[in-house]
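Here is how the chains run, residue by residue.
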Amino acid sequence: MQDLVNAMADMMEDKVIELTNQYLDEGQDPVAIFRAYQEAMEEIGRRFEANTYFVPELIMAGEMMKTGSELIKPHLKNDAEDGPAKIGKFLLATIEGDIHDIGKNIVGMMMDLNGFEVMDLGVDVPADVIIEKAREFNPDIIGVSGLLTLAFDPMKGLVEKLQEAGLRDGFKVLIGGAQIDEQVSEYVGADAFVTDAVAGVNICKEWMAA
Amino acid sequence: MSDMSEVRKKQDAFLDKWVSGEGIEFVSEEAKALYQERAGLLAAAFRIDESIKRVPVMPMTTFAPTMMKGISGKEAMYNPDAAGQAYVDFCETYQPDAAGAAPMLMYGPALETLKYNLYKWPGQGVPDELSYQFHEKEYMTADEYDKLISDPTDFYLRTWMPRTHGALAPFADMPPVYGAMELPMLGPWLIGIGAPPMQEALKALMEAGKQCFDWINTMGAYLGKIMAMGFPFYAGGACKAPFDVISDSFRGTTQLMMDLYRKPDKVLEAVERLVEPMIQTGIAGAVANNNPIVFIPLHKGADGFMSNAQFEKFYWPTLKKVMYGLAEAGCIPGCFVEGGYNQRLEYLADTSDIRCMYLFDRTDMAKAAETLGGKVCIAGGFPVSMILTSTPEKVEEETKKMVDMAGKDKGYILSIGCALDEGKHDTMLAFCNAAKKYGVY
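Residue numbers (the working numbering), protein chains in the order written: chain U, 50 to 259; chain P, 196 to 636.
Keep in mind that a hint or two might mislead.
[To be verified] Facing chain P, a subset of chain U residues (Cβ under 10 Å, in silico): (1) Glu62; (2) Glu98; (3) Asn100.
[As the list claims (entries may be wrong)] Lysine-lysine pairs mimicking DSBU-like chemistry, simulated, CA-CA at most 35 Å apart: (4) P:Lys508 <-> U:Lys210; (5) P:Lys458 <-> U:Lys115; (6) P:Lys458 <-> U:Lys64; (7) P:Lys589 <-> U:Lys138; (8) U:Lys64 <-> P:Lys508; (9) U:Lys205 <-> P:Lys589; (10) P:Lys605 <-> P:Lys631; (11) P:Lys315 <-> U:Lys210; (12) P:Lys332 <-> U:Lys221; (13) P:Lys205 <-> P:Lys570.
[As the list claims (entries may be wrong)] Computed beta-carbon distance windows for the label pairs: (14) P:Ala390 <-> U:Lys122: 47 to 53 Å; (15) U:Asn187 <-> P:Asn503: 56 to 62 Å; (16) U:Glu185 <-> P:Asp604: 35 to 41 Å; (17) P:Glu464 <-> U:Glu235: 43 to 49 Å; (18) U:Lys64 <-> P:Phe408: 43 to 49 Å; (19) U:Asp52 <-> P:Pro459: 21 to 27 Å; (20) U:Ala99 <-> P:Ala390: 54 to 60 Å.
Hints are computed from structural coordinates only; laboratory data are not their basis. Beta carbons are placed, not taken as given, at the ideal position from N, Cα and C, and that holds for glycine.
This is chain U alone, in the form it adopts within the complex (with noise of 0.2 Å):
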């Protein structure tokens, strides 16, 4: 199934789809077509790194993985439906008082389709639901977005609280945002920061192997 990585890769939709319902219709197992969806994402989030795909590419790598699974799931037995394991949780949320959401949403696919289980609160999330929700949820890691300037105080005023809880050594806490630099992360005492999602993947997964 080169052909389905390849179109994929390249960004072909139409011949994506095609190829899918093609493979499907001669009783192929849908288990390796789902996994050469998740080949080509590897390669895109390759060509991502290397600068030759920017976000468009993974909008459109996320937008093909939706469709696909669409077309995939039916023919899943029902032991393979929930895929492979997750390789760790991870909770999202943008921060109080910011109500931006396009980073943040790319970040939680990516985060998705690279293996993550995610749990995403929205936009204008306080640090107390954010809290709660931990307690829930359990996740690795804390994933925060912020757009403006006017995030970076509630974001420290989240870790002062996981802090004031006794929660804090329990997560890595990750922030991300257009004016997050080292000098915000520091002010905030996140355990990193980021400024595009596949970044974001790769420090996740470097946590989760460390």
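Add chain P to chain U, keeping to what the hints say.
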């Protein structure tokens, strides 16, 4: 393309008129001299004039002047006296070389009248103490490109405004304005205008217009005072890169990025179609305010958002056309280059035959100075994180470094790479003072 030396002459004439301060009633001769000195510094930076005396300093602000005084975002958007006075105080305290455009705060009551939903604002979707925020959604569907392309004005009026301005939803049922062409066809058009829901929508539009008119009459006194005290404004008009109009306001980023693959030809036609409307919008503001600088915030062409090949195809050609169209009318396109443009600097160097400015956000300023220095006016680059989380000493030190590095070619304006929603007094003061201390040539 016009003869570029003629275009520059036209730009210089508008700049000279602006620098002269004609029509402004200054509080004193000293204030007039200060105004001319400050606007003159900016004009010299735009011209990359070898004789410029000092690096001008121009902190861009939205809510910072109000928030730094403890005025909530809501108060700033609902009380033009409080907002105007805060902008006056900001100028008095920090003595910048150019003042921020206070009307960019907008007037909350008019937005409420219009049931505006393109943004959320304090008290209407965001907490009272914060700033307004863009509420991006798919306000134009994928199959509506032809509507936009065939008639942008009709698309604005009857498709986009009804979706983004709730009170104007009945505009969707308005018959096309072309019915007004002749007496026998005029009746059906006017009947559409007379329908009760349409009448309500028109009343809302009139009311919002009146509210904004009263608002600017109140705020105008403070804006006049700012100029009378000797501070020029850093923008006369504003417009956008055609690609950003479609991405931000019409399709939404995610949808447009997919369109680049699914219907690239339509995207290209649409951005082309928006060039002239953007030029005319920019010129109108500049002329009305007697200020040649047209502010163009750049969004989705930044590093990461697309490849250079995509930038070259979808983003840059029409932005460049807008910039040249503005320049031909004597305006100074001032691009606020949000995000990073480290991969794109070479393109920007293409516009060295007109007067224009690129104010950078996260771009590496050493690289920007190296690629663009002496060719076009560069500005900004100072990290907002330093202003908000660092010390005055560190800010002074970093400002000196920035001025030395980016200012070496004399076409640099010191600014923070972000329209400030907030600030800290001691670091802001250190920043503005350091420009005057270390920026002297």
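Inset, instruction - Please flag the earlier hints that this structure goes against, numbers listed from lowest up. - result: 2, 4, 7, 15, 16, 18
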